[in-house]
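Student: Single-letter residue listing:
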Amino acid sequence: MRRVAPLAWLLPLLGALALFSLLPGRAGWLLPWRLTGHDAELARLILWELRLPRLLLALLVGAALGLAGAVLQGLTRNPLAEPGLIGASAGASLGAVIAIYSGLGAAFALAMPLLGLAGALLGTLLTLALGGGGTLSLILAGAAVSGMLLAGTALVLNLAPNPYAAYEISHWMLGSLADRSWDQLGLATPFVLLGMAMLLGTGPSLDALSLGELQAASLGVQLPALRRRVVVGTALAVGAATAVTGTIGFIGLLAPHLVRGAVGHAPRRVLLPAALMGALLLLVADLVARLLPLAQELQLGVLTGLTGSPFFLWLVWRMQRESP
Amino acid sequence: MPLSRLCLVVLCLCCAAAAPAAAPPRRIVSLNFCTDQLLLALVPPERIASLTWLARTDGDAAQRALAARLPANRGSAEEVLALHPDLVLAGRYTTAITRALLKRTGAAMLEVDAAQDWEGIRRTTREVAAAVGATARGEVLLAHMDAALAAAAALRVADPVRVIGWNGAAADVPGADTLFDTILRTAGAVNIAARPGAAASFDLEQVVRARPRVLLRGTSYAGARTLRAGVADHPVLRALPDIAIIDYPEGAWACGVPAAADYALDLARRLRALPAVGRTP
Chain A
10 MRRVAPLAWL
20 LPLLGALALF
30 SLLPGRAGWL
40 LPWRLTGHDA
50 ELARLILWEL
60 RLPRLLLALL
70 VGAALGLAGA
80 VLQGLTRNPL
90 AEPGLIGASA
100 GASLGAVIAI
110 YSGLGAAFAL
120 AMPLLGLAGA
130 LLGTLLTLAL
140 GGGGTLSLIL
150 AGAAVSGMLL
160 AGTALVLNLA
170 PNPYAAYEIS
180 HWMLGSLADR
190 SWDQLGLATP
200 FVLLGMAMLL
210 GTGPSLDALS
220 LGELQAASLG
230 VQLPALRRRV
240 VVGTALAVGA
250 ATAVTGTIGF
260 IGLLAPHLVR
270 GAVGHAPRRV
280 LLPAALMGAL
290 LLLVADLVAR
300 LLPLAQELQL
310 GVLTGLTGSP
320 FFLWLVWRMQ
330 RESP
Chain Y
141 MPLSRLCLVV
151 LCLCCAAAAP
161 AAAPPRRIVS
171 LNFCTDQLLL
181 ALVPPERIAS
191 LTWLARTDGD
201 AAQRALAARL
211 PANRGSAEEV
221 LALHPDLVLA
231 GRYTTAITRA
241 LLKRTGAAML
251 EVDAAQDWEG
261 IRRTTREVAA
271 AVGATARGEV
281 LLAHMDAALA
291 AAAALRVADP
301 VRVIGWNGAA
311 ADVPGADTLF
321 DTILRTAGAV
331 NIAARPGAAA
341 SFDLEQVVRA
351 RPRVLLRGTS
361 YAGARTLRAG
371 VADHPVLRAL
381 PDIAIIDYPE
391 GAWACGVPAA
401 ADYALDLARR
411 LRALPAVGRT
421 P
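The listed protein sequences derive, respectively, from chains A and Y. In terms of our numbering, the first sequence has 33 at position 24, counting the first letter as 1, and numbering is strictly consecutive. In terms of our numbering, the second sequence has 205 at position 65, counting the first letter as 1, and numbering is strictly consecutive.
Looking at chain Y on its own, in the form it has when it is part of the complex (with noise of 0.2 angstroms):
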């Protein structure tokens, strides 16, 4: 075949990838624990061809379990190119090397927002579906995240209950802005690190200080022994009268996406049984 016919071909099999995919990507890889789940969420898993190695240690049980027979990926930028993707799906601020380096090899990229409220997820999930293809899918995790919250601010209790978000590590308790202070106050809670003016980081004697009636106590990624788990199960903790210490998957509640609406309503459930406090003993 002569050179130029050669080319001929390349060029029009170059135009063909470039126009606009009426097929929806079909090798689609995500670098970020979030869009992971927004992923598995959207697309059948044939279609996903690796997730980050921390969607099979935290989250959901059964996407947990659907992460574990997908390869998966820790970031780096030579597993990425290796895997041929139709579409990479990624944070804003981690894998930053291999993103620069996939817009330079100009690979279709998605980089998704980390959404801390409700709206900000709505925004994500569209953005993330129209990308994937599964636009309507998208609509019924939407949907679904609508009926939570309704079902959420029904159960809500009238005098917010005193929460404090906790895992053993001062310095890694979540404040005002975050997704957690948005599933506390959808689920009828105050964060007592986000009330104007609370201390940047809480140690164990300022947890108890702060009096907590919930100290919902993050447990992350299963099996994984910290030493901040040691700490989170101070004897200290057991002593407190009028303490409730639920644990909560805090990998997962740092994710902006539909299902967090879910974390939302049961937390409102557990509130709402809550029994009730006396002032005097």
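Only chain A is shown next, with the shape it has when bound in the complex (with noise of 0.2 angstroms):
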């Protein structure tokens, strides 16, 4: 039973919340009972063009990168690891600005979501070939990656005929939800849900490989086929999602870590309560976003960024005191 727990108060919030998230927007609220004639067909254009497709993608990127934050955790058995942090969310930028500036996307719709998964397959392999020593290399590889894959990104901006990359660029490094498409959204989708997949599938590999990589070997798990099934998934589901959306942190950092006490750290348990938390993070996040009553939205970085990073300082704070 203590598995169902959590799933049983996460599905009914987040189901309220997707529903609740329909009605504000800088449109002003939707409320059903005050549409009629003229607007209500406008009302009805906003909901299903807009609102809807942006609901849909914030639930399906928060629970990819809350999964492959679960995931990532348990293969490196590193609690600092996740999507943003191991390069696989600035490669994934990376392709996705290739796609765009280069006319690649414009000719080719599927290059964007393609693209973005190579870029996150590059940054992804990179962390794990450079960082595979411990938990400190692997966050010090991830971050020199990231860095070295968002100037890229910068560079190809600024290469590329544009006027407004630099107004682009914080596109890239901060994600947004905004004035998404159905289109967008059906590029993405079929890759996400495929990497999703492959990740829920390394439950049992991942609960094994806790006890330690001896032990796991032992039990039968091919260490080197979990390695690429991870990568593989997470380059799917993050790279099509960033494609999308732009580099949002530190859901994949937060969601497991918000799961964990109430189902515990065996990380089979973990994964789809991860996943749910993480549509439910990134939900609130656009929910702040379009509440706030700024002349401009926040860009979705800046909100996970501000909640996500002391957390991030805290496990680090936490873990130096644990194993000094």
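Incorrect hints may have been included.
What follows is a list of derived Cβ distance ranges for each label pair [claimed, not checked]:
| # | chain 1 | residue 1 | chain 2 | residue 2 | range |
| --- | --- | --- | --- | --- | --- |
| 1 | Y | A240 | A | A206 | 55 to 63 angstroms |
| 2 | A | R86 | Y | D382 | 55 to 63 angstroms |
| 3 | A | D192 | Y | E218 | 43 to 51 angstroms |
| 4 | A | R53 | Y | A240 | 49 to 57 angstroms |
| 5 | A | D48 | Y | A293 | 34 to 42 angstroms |
| 6 | A | A175 | Y | P375 | 24 to 32 angstroms |
| 7 | Y | L241 | A | A175 | 20 to 28 angstroms |
| 8 | A | R86 | Y | A236 | 51 to 59 angstroms |
| 9 | Y | P300 | A | L32 | 50 to 58 angstroms |
| 10 | Y | E218 | A | A206 | 51 to 59 angstroms |
Calculated directly from the structure, the hints in this document are not laboratory data. Note that the Cβ used here is the ideal one computed from N, Cα and C, for glycine as well.
Assembly of the complex is requested from the two constituent chains, each provided in isolation within its own frame, with the hints serving as guidance.
Tutor: This is how it looks when you write it as structure tokens:
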């Protein structure tokens, strides 16, 4: 029963918030009882063409980030691992930016998610190859790889004949769900779902791995195969998601930690709740971004960064105290 | 040659350079996209030493082609000094470091205001025309502008058309006190983003909510692919009833030059040609 408990409150909360999130927006509150005639037609368009794809994208991307974070933390046995910290998000940004600004994306719509996941693959592989030594070396390698890939993103934007480069860089570094369309959702969804399916299947192996690499091997876990599966799954899920939304940090870090208290530390039990928690976190962040009465909507990364960074620091601080 | 005589020669040369220029400047550099446009309209290309790189990418096609054959600059101080200009045209806001350096070296420089209305355009055009020694050409341009303005006024529809200028970026909607707004009013339109109490930024939802009759979609910089262009192409815009989407070169529309009157005249024609929209379906 312990395993069901967190799902029991997460799902209804997620559902209620998802429904609520359709009401507010910069065009005003869409209150069903106030819509008549002309307004109803407009409201239908806003609801159907703008807010619904935005909601679904928040759920999909949040779940992908939360799940990828949980799996990466399980694989690396490192509580600080998450897609944004190991270069997957930055690589995906670079891939998507190349697709958009070279015109490939306009000529061939699938180029954007495909290059996004290729970039995520590159970033993840580089980080895991360079930072295999331990907790700290993984994080340092991830920071270096992310820095390099983000510099690549900025370089592509600067080289493109694009006078708005400076503005658009902020999108790729801070992420946004605003003004997305069904087309973009449709392009990303198959890849994200495939990646998530691959990641969800790693649960038993991750459980065995939590006992140690030798023990896992003796239990029949093939570590190289597991690594490949996690890397490819993360690249598919996070790469395709980031190609549409830009880099959204910290969701993958926070979500697994927030559910661990309720489900325990066995990686397998964390996966699904972490995905739900990720969806919830991104939905809440997007709601706050929309509800704050500012002249301009906040980029999502501002909110996830403001809440995620202190948590990250607290995790580092706690790790140092536990294993000096 | 004795040193004193050399000094004398140098001094005389300096005097000659500093004397009231009977000859107009022949190596003019422009550091601003809008002064590029003015310069191209006022003087023959052989008197232009350099234009900004943006002049190759935006604006009138003939001027773009002309600019492509001239050296381009990105406004850095070193570039400009290396060109040995006898006159530098600059805007008031950009290339601040370069302008400060040029002032210290004593180079001839004219900082041109960004005109936001027709009176401002008359003033800056005359100012630049006088500086480059093309006063007569400047008056020809202004006469053409006045003719276009008169033609636009004659075409203006009685009931102003609701228009918004949008390029996909929420924060980049031209509001009141812009040349865009001036062009719209001249052409018989009302700028939704310029009305009192209008939002400071418009995301897609707000554009839909504002119900523009015409969405002037800013396309910029020929060939540049941008994220915002993808947003400006969102399917919800095509699904809106009674909306006409007209692309316009937003870079060129931001420049207070006489040619802006042609944009107003063209828009007035397009607004007049819009089919009437019934109030009932």
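Student: Now tell me, hint by hint, if it's right for this structure.
Tutor: Verification of the supplied hints:
no., hint, result
1, Y:A240 x A:A206: 55 to 63 angstroms, "holds, 60 angstroms"
2, A:R86 x Y:D382: 55 to 63 angstroms, "holds, 60 angstroms"
3, A:D192 x Y:E218: 43 to 51 angstroms, "holds, 46 angstroms"
4, A:R53 x Y:A240: 49 to 57 angstroms, "holds, 56 angstroms"
5, A:D48 x Y:A293: 34 to 42 angstroms, "holds, 36 angstroms"
6, A:A175 x Y:P375: 24 to 32 angstroms, "holds, 28 angstroms"
7, Y:L241 x A:A175: 20 to 28 angstroms, "holds, 23 angstroms"
8, A:R86 x Y:A236: 51 to 59 angstroms, "holds, 53 angstroms"
9, Y:P300 x A:L32: 50 to 58 angstroms, "violated, 33 angstroms"
10, Y:E218 x A:A206: 51 to 59 angstroms, "holds, 56 angstroms"
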